[in-house]
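Chain by chain, the residues run as shown.
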Amino acid sequence: MSGLISIITDFGERDGWVGTMKGVILGINPGAKLVDISHQITPGDVREACLVLQASFPFFPKGTVHLCVVDPGVGSARRAIAVETSHYKFVGPDNGLFTPIYQRGDFQAVEITNRELFYSPHPSFTFHGRDIFAPVAAHLSQGLALKEVGPRIGDLVRIELPSPGVGPREITGEVIYIDRFGNLITNIAKELFDRKVGSSPFKLRIGRAILKTLSRSYADVPRGKLLAHWGSWGYLELSVNQGSAQRFLSATKGTKLTINY
Amino acid sequence: MSGLISIITDFGERDGWVGTMKGVILGINPGAKLVDISHQITPGDVREACLVLQASFPFFPKGTVHLCVVDPGVGSARRAIAVETSHYKFVGPDNGLFTPIYQRGDFQAVEITNRELFYSPHPSFTFHGRDIFAPVAAHLSQGLALKEVGPRIGDLVRIELPSPGVGPREITGEVIYIDRFGNLITNIAKELFDRKVGSSPFKLRIGRAILKTLSRSYADVPRGKLLAHWGSWGYLELSVNQGSAQRFLSATKGTKLTINY
Amino acid sequence: MSGLISIITDFGERDGWVGTMKGVILGINPGAKLVDISHQITPGDVREACLVLQASFPFFPKGTVHLCVVDPGVGSARRAIAVETSHYKFVGPDNGLFTPIYQRGDFQAVEITNRELFYSPHPSFTFHGRDIFAPVAAHLSQGLALKEVGPRIGDLVRIELPSPGVGPREITGEVIYIDRFGNLITNIAKELFDRKVGSSPFKLRIGRAILKTLSRSYADVPRGKLLAHWGSWGYLELSVNQGSAQRFLSATKGTKLTINY
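Protein chains in written order, with this note's numbering: chain P, 1223 to 1483; chain C, 1223 to 1483; chain L, 1223 to 1483.
Hint data in this document are derived by calculation from the structure and do not stem from the laboratory.
You may find that some hints are simply not true.
Note: identical chains are not told apart, hence a pair may lie in one copy or across any two.
[What the hints assert, rightly or not] Listed next, the in silico DMTMM-like pairs over lysine to aspartate or glutamate satisfying Cα-Cα at most 20 Å (straight line):
(1) K1369 to E1392
(2) K1447 to D1267
(3) K1255 to E1235
(4) K1447 to E1392
(5) K1434 to E1413
Make a model of the complete structure from these sequences and hints.
This is the structure in structure tokens:
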């Protein structure tokens, strides 16, 4: 139990919702330590939130509660859940946000049903972040046992991230995330590349560009040039040294790439 | 005394002003706990700040100091003030920011005149957030009594939020805030609607749209459809399920709506 | 040793990198207190980061560690460094970010070479913020001596901020930063102006505008009018009362001004 709570939402920074949630949390656990991961998730984009969570949560200390409120189905029948692994707890809607956690196995999930934990017994229908998720995260950060939150559940909602296609001497992938610098993060993991391509010669095609080598870092190519490398999220990334691969390639989320070897 | 300080400004997140204020605060009260509510208030928009403050402050624990610096009159004769209620303290310019607190009654206000509390005896003329408001908030968060800050004052500046019009079997209101998701928050409070309309049939008109029912939540209507509901701020809100009512209705702040019953 | 760490990056608020760095820091020093100065530095703009750092760091309490990651050369041969003054420690790349600290003299610098301090012995090539700078800042915030980080170095990279030109009865300067409100911050320091112009009559020309006086604050001129004043960063600033000097003058970074006296 560290008292540490990380927060991911699509609430933005203007309307005061994140601050309100923090006020609720600190009213319950005055010793809580709050760390923002992102509040700029594209509104309602559960997959984007999933990717940002996946890239961030393993770097937090054991005992952290990860509070994630990207919740386009708020007020519908979608369940509110809390999930526990050996290192962390996760609190949010059952809409697939925590798919990467389920994929690692070895977790427990409960439906949040204990209304005594809510901010008020009559929560709003549109701001469960404030009325349900924040107070539950606060209680869990104080060491409340998962079983006090609600009953064990299975059949959790999962979202599928697009898988790379693997054909004869070909991997096809796509851009799944574009960061602030215009780096294009693809769905091709190092493990797949190493197993299939290994040290064979290859041609990577994306848009009109062809690359035949992987670089280690931006500075391995001249300024303004395109490179492919293993990014900090563990996936193949396309970048431009001191520039934007997004602009260089006019790429968007979903832009395809192929690797022939 | 919780040591908790919430902060609302129109300073944005780029220029380092909020961080500077926090440095000043932590130099005075190293145990202060700082929570951002919003720094994206439209520059100089006191009414917008007022609405965000009103929606957020009641969710903070007793003892919180709310530091609000939206201050288009900095350096003019406008007074710097601190306000105390049974639960909270508020620090900022006397420009109407704290009108919702005055409306609840039962508060005391002082003009900030004790220069010993300032960051330096010669504050800048353009950054009172750093030089006056932040240090005063820090001292108050340590339990300094309000009377040490300066003399009691009355005749505080108030800003008028637009009131709904009430005619024979008609309420006319307007959009007072549009949030990140494009939800349109109106100035029609639940209490007024319940008292006037109650359970009578009604027609709500906004732009070309007519609604005859209130919904509880977004999911009560099909995706892409308009709904009216009691939002988390306590006002009538227009929303589109998984969409933007702002775009759907081409609405702006000030767009009118009428309810006939 | 205050345990306080301020953070400046060009990472933005969306991709989760800053939160990830904070997770790493709190895993090493659970008592660290983290204050964001800015994460909206223009990507790769070391000079802009330098100006924001210069305006902010002196307002933090003694013992603060300032962590600055604006690092267009990450993965190249550029060194990672830690710098110590009598009041503060600074951690970041050796690309000139800390030039204002060097100019004040009386500091020590080391190259970060002690891999035992890194997040993992095999840091990524593109995210030294997470893998090198954040953990080193965390250790320093716990009181680790600078000499444990690596060997003393000299010949640090400096960046030149543009100096004002001083001719016969003329000072020429330029806009070096434009803030959220459209205030134009120039490179003309008060000390230079006082020494050269003093209380002589002068004409300040920028674009089509001519000013013959300095104001103390925005409110010294009518709403919508241009003024020149000593801004909170200590430089001559052009502003418009309750407006934007940037729009008023169609100015950009680099726009020239001349003062004849």
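For this structure, which hints from the list above don't hold up? 1 and 4
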